[in-house]
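Enquirer: One-letter residues, chain by chain:
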Amino acid sequence: MTLLFDGAEWDFQTLDAINRACADIAGGEFGLQTYPNQIEVITSEQMLDAYSSNGLPLMYSHWSFGKRFARDEGLYRRGHQGLAYEIVINSSPCISYIMEENTATLQALVIAHACFGHNHFFRNNYLFKQWTDAEAILGYLAYAKAYVTECEERQGAAAVERILDAAHALRPQGIHRYPKRRWRLAEETERARFRREDAETSYDQLMRTVPGFRTGQEPAEAREKMETELRSRLRLPEENLLYFCEKNSPRLAGWERELIRIVRLLAQYFYPQAQTKVANEGCATFVHYRMMTRLHETGQINNGAFLEFLHSHSSVILQPDLSDERFSGWNPYALGFAIMRDLERVCLEPDDEDRAWYPAFAGNNDPWATLRDVWANYRDEGLIRQFLGPKVIRAFRMVHLADRPTDPDYRINDIHDEDGYRRIASLLADQYEPANLAPLIEVADVDLFGSRTLKLMHDSHRGARLDGDMAKKTLQHMQVLWGYRVCLQERDAESGRVLTEYASA
Amino acid sequence: MVIVDRRSNPQGKSLANRQRFLERVRGDVRKAVADTIARRRIADVDTDEEVRVRVDGIEEPGFATTPEGEHDYVLPGTGGFNRGDRIRKPSGGGGAGNGRKAGRGSGQDAFEFSLTREEFLNYFLDELELPRLARTSLAQDRMSKPQRAGISIYGQPSALDVRRTMRNSYARRIALHRPAKSEVATLEERIELARAAGDEPARLQAEADLVQVRRRLARIPYVDPVDVRYARHVRLPLPATEAVMFCLMDVSGSMTEHMKDLAKRFFMLLHLFLGRRYGRVHVVFIRHTERAAEVDEETFFRSRETGGTMVSSALEMMLQVQASRFPPDRYNLYVAQASDGDNDSADRARVSTLMLGHILPIVRYFAYVETGGERGAFPHHAGRRTTELWDTYEALGANADAEHLAMRHLNDGAAVWGVLADLFAKSGRVPA
Numbered sequence: 063m064t065l066l067f068d069g070a071e072w073d074f075q076t077l078d079a080i081n082r083a084c085a086d087i088a089g090g091e092f093g094l095q096t097y098p099n100q101i102e103v104i105t106s107e108q109m110l111d112a113y114s115s116n117g118l119p120l121m122y123s124h125w126s127f128g129k130r131f132a133r134d135e136g137l138y139r140r141g142h143q144g145l146a147y148e149i150v151i152n153s154s155p156c157i158s159y160i161m162e163e164n165t166a167t168l169q170a171l172v173i174a175h176a177c178f179g180h181n182h183f184f185r186n187n188y189l190f191k192q193w194t195d196a197e198a199i200l201g202y203l204a205y206a207k208a209y210v211t212e213c214e215e216r217q218g219a220a221a222v223e224r225i226l227d228a229a230h231a232l233r234p235q236g237i238h239r240y241p242k243r244r245w246r247l248a249e250e251t252e253r254a255r256f257r258r259e260d261a262e263t264s265y266d267q268l269m270r271t272v273p274g275f276r277t278g279q280e281p282a283e284a285r286e287k288m289e290t291e292l293r294s295r296l297r298l299p300e301e302n303l304l305y306f307c308e309k310n311s312p313r314l315a316g317w318e319r320e321l322i323r324i325v326r327l328l329a330q331y332f333y334p335q336a337q338t339k340v341a342n343e344g345c346a347t348f349v350h351y352r353m354m355t356r357l358h359e360t361g362q363i364n365n366g367a368f369l370e371f372l373h374s375h376s377s378v379i380l381q382p383d384l385s386d387e388r389f390s391g392w393n394p395y396a397l398g399f400a401i402m403r404d405l406e407r408v409c410l411e412p413d414d415e416d417r418a419w420y421p422a423f424a425g426n427n428d429p430w431a432t433l434r435d436v437w438a439n440y441r442d443e444g445l446i447r448q449f450l451g452p453k454v455i456r457a458f459r460m461v462h463l464a465d466r467p468t469d470p471d472y473r474i475n476d477i478h479d480e481d482g483y484r485r486i487a488s489l490l491a492d493q494y495e496p497a498n499l500a501p502l503i504e505v506a507d508v509d510l511f512g513s514r515t516l517k518l519m520h521d522s523h524r525g526a527r528l529d530g531d532m533a534k535k536t537l538q539h540m541q542v543l544w545g546y547r548v549c550l551q552e553r554d555a556e557s558g559r560v561l562t563e564y565a566s567a
Numbered sequence: 004m005v006i007v008d009r010r011s012n013p014q015g016k017s018l019a020n021r022q023r024f025l026e027r028v029r030g031d032v033r034k035a036v037a038d039t040i041a042r043r044r045i046a047d048v049d050t051d052e053e054v055r056v057r058v059d060g061i062e063e064p065g066f067a068t069t070p071e072g073e074h075d076y077v078l079p080g081t082g083g084f085n086r087g088d089r090i091r092k093p094s095g096g097g098g099a100g101n102g103r104k105a106g107r108g109s110g111q112d113a114f115e116f117s118l119t120r121e122e123f124l125n126y127f128l129d130e131l132e133l134p135r136l137a138r139t140s141l142a143q144d145r146m147s148k149p150q151r152a153g154i155s156i157y158g159q160p161s162a163l164d165v166r167r168t169m170r171n172s173y174a175r176r177i178a179l180h181r182p183a184k185s186e187v188a189t190l191e192e193r194i195e196l197a198r199a200a201g202d203e204p205a206r207l208q209a210e211a212d213l214v215q216v217r218r219r220l221a222r223i224p225y226v227d228p229v230d231v232r233y234a235r236h237v238r239l240p241l242p243a244t245e246a247v248m249f250c251l252m253d254v255s256g257s258m259t260e261h262m263k264d265l266a267k268r269f270f271m272l273l274h275l276f277l278g279r280r281y282g283r284v285h286v287v288f289i290r291h292t293e294r295a296a297e298v299d300e301e302t303f304f305r306s307r308e309t310g311g312t313m314v315s316s317a318l319e320m321m322l323q324v325q326a327s328r329f330p331p332d333r334y335n336l337y338v339a340q341a342s343d344g345d346n347d348s349a350d351r352a353r354v355s356t357l358m359l360g361h362i363l364p365i366v367r368y369f370a371y372v373e374t375g376g377e378r379g380a381f382p383h384h385a386g387r388r389t390t391e392l393w394d395t396y397e398a399l400g401a402n403a404d405a406e407h408l409a410m411r412h413l414n415d416g417a418a419v420w421g422v423l424a425d426l427f428a429k430s431g432r433v434p435a
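Those protein sequences? They're chains A and B, same order as listed.
Take 63 as the starting number for the first sequence in the numbering used here and just add one per residue.
Take 4 as the starting number for the second sequence in the numbering used here and just add one per residue.
Warning: the hint list may mix true and false statements.
Stated by the list, open to error - For each label pair, taking beta carbons as the anchor points, the in silico distance ranges come out as:
id, chain 1, residue 1, chain 2, residue 2, range
1, B, R29, A, R297, 36 to 44 Å
2, B, A162, A, R139, 42 to 50 Å
3, A, E197, B, Y157, 50 to 58 Å
4, B, N12, A, T468, 56 to 64 Å
5, A, N364, B, G82, 32 to 40 Å
6, B, Y157, A, G218, 41 to 49 Å
Stated by the list, open to error - Here are some of the chain A residues that sit facing chain B, going by a computed Cβ distance under 10 Å:
id, residue
7, Q108
8, R140
9, D476
10, I477
11, I486
12, L489
In case anyone wonders, no lab produced these hints; they're calculated from the structure.
Glycine included, C-beta positions come from ideal geometry on N, C-alpha and C.
Can you build the whole structure from these sequences, using the hints too?
Expert: If you want it as structure tokens, here you go:
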């Protein structure tokens, strides 16, 4: 086969040729299913731009994006931080931004990684299927941007900023964790109009203040019944604080609810990404590794390019150990890639240990089908629990470090040996448990007939406490959305004892 | 597959976000600029060198947990660990383990970013304004701007007023009974029907009508030249406001280098502000010892001189320049003076007379900045010892014209910006 490129230079024909070559391999041998690809070549400034808005190509205006841009630009210009080779968006067509500075080899790496690896994962993983709507996201972003701009024109930038600030603060608590039905972003724009019309023609039962009702003259029984009924409508406890405010806040105008909804839906859009870092990067890294190897084997890239690739690849999957000063937790690329490589090996050349661990697929000689199944049906937590095998645990020399408040030292409780494998895999999986991504705060109760104070509840597990300073500031934002006082009780999860109470001023 | 080249897309997509962000950290930015101005050498105040802003007070709160409590970490080890090994916890609460823990805490949002020179100047100088600026006369070389001035029947095609044209056309078509297209269609249909029915007279009648209608259609155009209207623009002369700023600086021996530096910084900023905000402000630089001289910008800011002090000489020079070049009925007159406050006491009466009799009645604003020593309070704060010139000016206070006179102390490079902003605050109100 002819070389796709020679040297570092590339042009659009080169990109096209690389893409074609990759598509042949991905669709044939690898059996990947992808959205159509759209590659966009951008400059470093545009890459910084994309950083500041979570990689989304359009975003409404908010100062926090400006802040992120200013910070990233500062870090980049002083050389403290490099830029990513690419950013890929979960949309259909799947948009990949690639930097103009990349060499031809890097472009090939990036195309294999993003346009085929991530793309396949986005399209097939159950979480993305459940929570994101790749066809509609670009349209929804355009709608959100236009809507925010319109609100700024009508209501003033300060009023919009007030709501957005508050909603941003509660973003991690603005997610539905348990799906009720397949989520359709495409219907959003239509529903937004419907909601507005509906809100204009109906009135809020919940917070009505019709005289006679609250005079205290009605029989206590009837009143109690009323209260029970109203409370049941709130469906408490509710862990999605943004959703709760959007639906039930007595003081918000329609446009304010819609702004909350926009922030909430975008947070929801990113929710699968946070849960699948290891699986997603593992998939993409494995795909690019195999793809580049195959391109080299078939003579489509030369030795020099392959060495350059190996150099980049090995820095991407570098995992410093805990004694290393570069250590800052797990590198999802390294962990994911190691697991995928291990699974491939188990399928092709299993030993007795593998057969014992993975009786279902050891030696099935079909690594791609096995991996495709893993990519489609697992998030990080499940992937690690099920597929972190002894070889990978040994390769990383994983240890279990126990941190107990009563102990002045960390203790090594488990190491990478026969006794430890299961526990280590299970504990590492716990580390990726989505519940640990953000503190879980629930709406516990509302004082319906009195001060309308909103009562939130946080269960403290194993002594993990909320940062009080941040909690107070966040409650202040919550009060903006709720309209009345908001208080937060922190409880010990086991004993139910109240540890702290915070309240908005 | 699609490959798109986005590199030529308009830059600065995040500009709106950046402006919102800058607005948000206004306080920090102000401080950074004040520091920068204080730190830079005079010659560099207005250079391209970037201004770095350190931002502390801008956080995005959210519920978060502290590192307290029980935790289990699975980490990549070194291979040298055994069950039961102990690792000392680092003091200060940070975990050896989870990277999440590092970087938490109060300082988490502190970072540095750079302002462009353009932002620096725009952002700060736009808040200043010359007080009491009045339109006194039209400048010699006038500016003008196009303004809409009704409609016209002549004009360039690009100025065509389509709505009005079509409205005229519609009115004319109604008035002249221009047949509609549907009438033609109806007649043609009638002819067909008559032909089919074999009703010869009806067909002939309809055909005659059709000829009539067609003729009307051809005679009465859809859009006639008489309908056409154009938007008319006239160039409106813009009355330019003429103003002159006299910059008076004491460079006598009693002024230490530090004081001169402060004074120069003050004028440098003032000059920057005037140059950017007012294209048509003349600036006259006068420096004095016991004698005064009008100098150019370069000499004013860069060169050195020493000698005694006679403030009246500068005031006289200023009046002289004003009388020869800037009649008060045509110019808004402003004076900014910087001095350490030393003056020959014999000069006091002369200064008072000049100020009351000649200067204050004609100027719109007289800003006096007294530069103090390197450290410590001002002499007059400690022990009520005021300077000669401060006393002189303060004594003018009872006079009616003295409300045009504003006085400020300046003893620290970092305060230069504040004093300038204070003196030229954009509020319409003159700080007294």
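Enquirer: Decide, hint by hint, whether the structure agrees.
Expert: We went through each hint and held it up to the structure:
| no. | hint | verdict |
| --- | --- | --- |
| 1 | B/R29 to A/R297: 36 to 44 Å | holds, 43 Å |
| 2 | B/A162 to A/R139: 42 to 50 Å | holds, 47 Å |
| 3 | A/E197 to B/Y157: 50 to 58 Å | holds, 54 Å |
| 4 | B/N12 to A/T468: 56 to 64 Å | holds, 58 Å |
| 5 | A/N364 to B/G82: 32 to 40 Å | holds, 37 Å |
| 6 | B/Y157 to A/G218: 41 to 49 Å | holds, 44 Å |
| 7 | Q108 | holds, 6 Å |
| 8 | R140 | holds, 8 Å |
| 9 | D476 | holds, 7 Å |
| 10 | I477 | holds, 6 Å |
| 11 | I486 | holds, 5 Å |
| 12 | L489 | holds, 5 Å |
Figure legend: structure checked against the earlier numbered hints; every hint is met.
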